[in-house]
Amino acid sequence: MLQFAAPLSPVFLYAETHFRFFQGFPSLLFKREPEIVFDLPGRCAPGRNLPVFLIVNDVHRFSAEVTGVMLTVSQKGIRPLVFEFSSPQAALVDHPLQMQAKAYVFSIPRTELPNGQVYVNCKASVANGKRSWDVLNDNFFSSSKLPFGCYLADEDLPGSDRCSYGDLHVHSQYSQSHVEFGPPVSVINLVADTCGLDFLAITDHSYDLCCDMNDYLETDSSLSRWQSLVSETGRKDNSKPIMILGEEISTLNCRSKAVHLCAIGIKSFVPGSIDGARTNKLPTLQLKQVIDEVHSQGGLAVAAHPGSRFGLLQQILLHRGNWAKDDFANNLDAVQAVNNGFGKSWQIAKRLWINELLRGRRLPLVGGNDSHGDFNRYRYISVPFLAISENFSRHLSSVRTGIYRKAKSIDDVISSIRQGEAFVTSGPYLSITPTKSGRNRDLPLQTIPIGCSSVTVRVIGNCEFGGVKNLRVFAGRVGEKAESLLFSDNYNCENQIIQEIALSGKPPQGYLRAEATCLKNGGATTFAATSPVYFGT
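Just so we're aligned, residue 0 is where the sequence shown starts under numbering that gives the first Met the number 0, counting upward by one.
Hints are computed from structural coordinates only; laboratory data are not their basis.
Computed from a predicted structure; not experimentally measured.
Wrong hints could be hidden among the right ones.
Distance ranges between label pairs, derived from CB positions [claimed, not checked]: (1) 91 / 153: 30 to 38 Å; (2) 61 / 524: 42 to 50 Å; (3) 481 / 61: 50 to 58 Å.
Derived lysine-lysine pairs resembling DSSO-like cross-links, with alpha carbons at most 27 Å apart [said to hold, decoys possible]: (4) 122 / 266; (5) 122 / 144; (6) 405 / 239; (7) 30 / 122.
The beta-carbon is built from N, C-alpha and C at its ideal position, and this holds for glycine as well.
Using the sequences and the accompanying hints, generate a full structural model.
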């Protein structure tokens, strides 16, 4: 039987351009050469060398040899720096799918680079027999070919002495299908460390993890992809960042439509393939069944991007739906309200989340980027078979989950999130702390003791992410229809704000939460939001 997926728009990923409905089907994206894609982190933490990643996909279908690579690093006011690699084979990465895709990592020593914002152009010289050609940044038809931006930081992430940062929704090369391919786990680990992350969760699709290693159209009863992912995320060398085994599970919501749930810290595969665009399918479980299974394995059940809204084609062809209010009646551990920055999807997810808080549900807030590689920008198929588009503001680590401890293990990360000791940010550190004897405690508590007269809110920015511009604190009471604005003030872009807020007369059956905005030079903003801090004993 013919097996295919309709290319849907937009799909955020390394764009697979060789898929066609049948041989000869017209496509402006199709080339008789492998997809060739450069990528690099959007941020380089202090002391880290700058890794530049190159993936050459579908080499089993279209042979090509990379004969040379030239990287040019530019910054306003300085002469461009040129780094040439005449023996690229020395930079090859060993990985489980190397028969299908070649992966290279080229490292530029940090000692040879300036601090601050730089722009990187990447050129690969490629040959196939007598034919040779050059590729600038990627070989996708209609992509911009613009240079990659990277901020070479001379400071750690704000508040990193008080917390740990991570990305809880990341896809690897095991998420592979008709329209996507991704990077090896080892490369993700390297780039996450370069960005300054302390932990990350690899959450590949359930409908991809049950496929054969050599053919993503065939179901593999031995779960070789899942077993390979387990072996890659189960390293015992205590290396940083902490890598957590996870899965993005397709499950049926209250309306029997497919929604996604991120299972973080699980040990065994959980099936779900209703929206995987394959004819060979494993069962897709109801949301409650999936959550119960995740909990039986000691994992976190996180509502994945509940603010995302799928297009009509995905609703019809892939049976996809949206997270609904009744779906939150299940025993979720957290809500990944931030998936595509703090824009429209965040606002939709935040409304659902606040509604549950006012109903008395205790749901922490976490964030991720749903990156399929995409360390610097998203490249996606905007018009099937016709055009590639790009999103320059969403990529690995562009939004982070912060936990209020220095994590040393997977258990540290999971327990912090389960207890609600987490916040989300695209820049600043943000915490709410019960004030005691005029001094705030070193670490936030998720319960405000009865009789506590004030809380202290701390916001930390820096040169990279901007100074503090605005702080708002909201109070919610169980049973009410809306939150109230307890405190709001603007600041003159200081790097740190410590604000004490009086609590006289505030109800014990409720919570506080905070939002903060920082302003960067040039006018761009970064944002942070806390999980709720509850009134209690």
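Violations among the numbered hints, reported as their numbers in ascending order: Of the numbered hints, just 4 does not hold.
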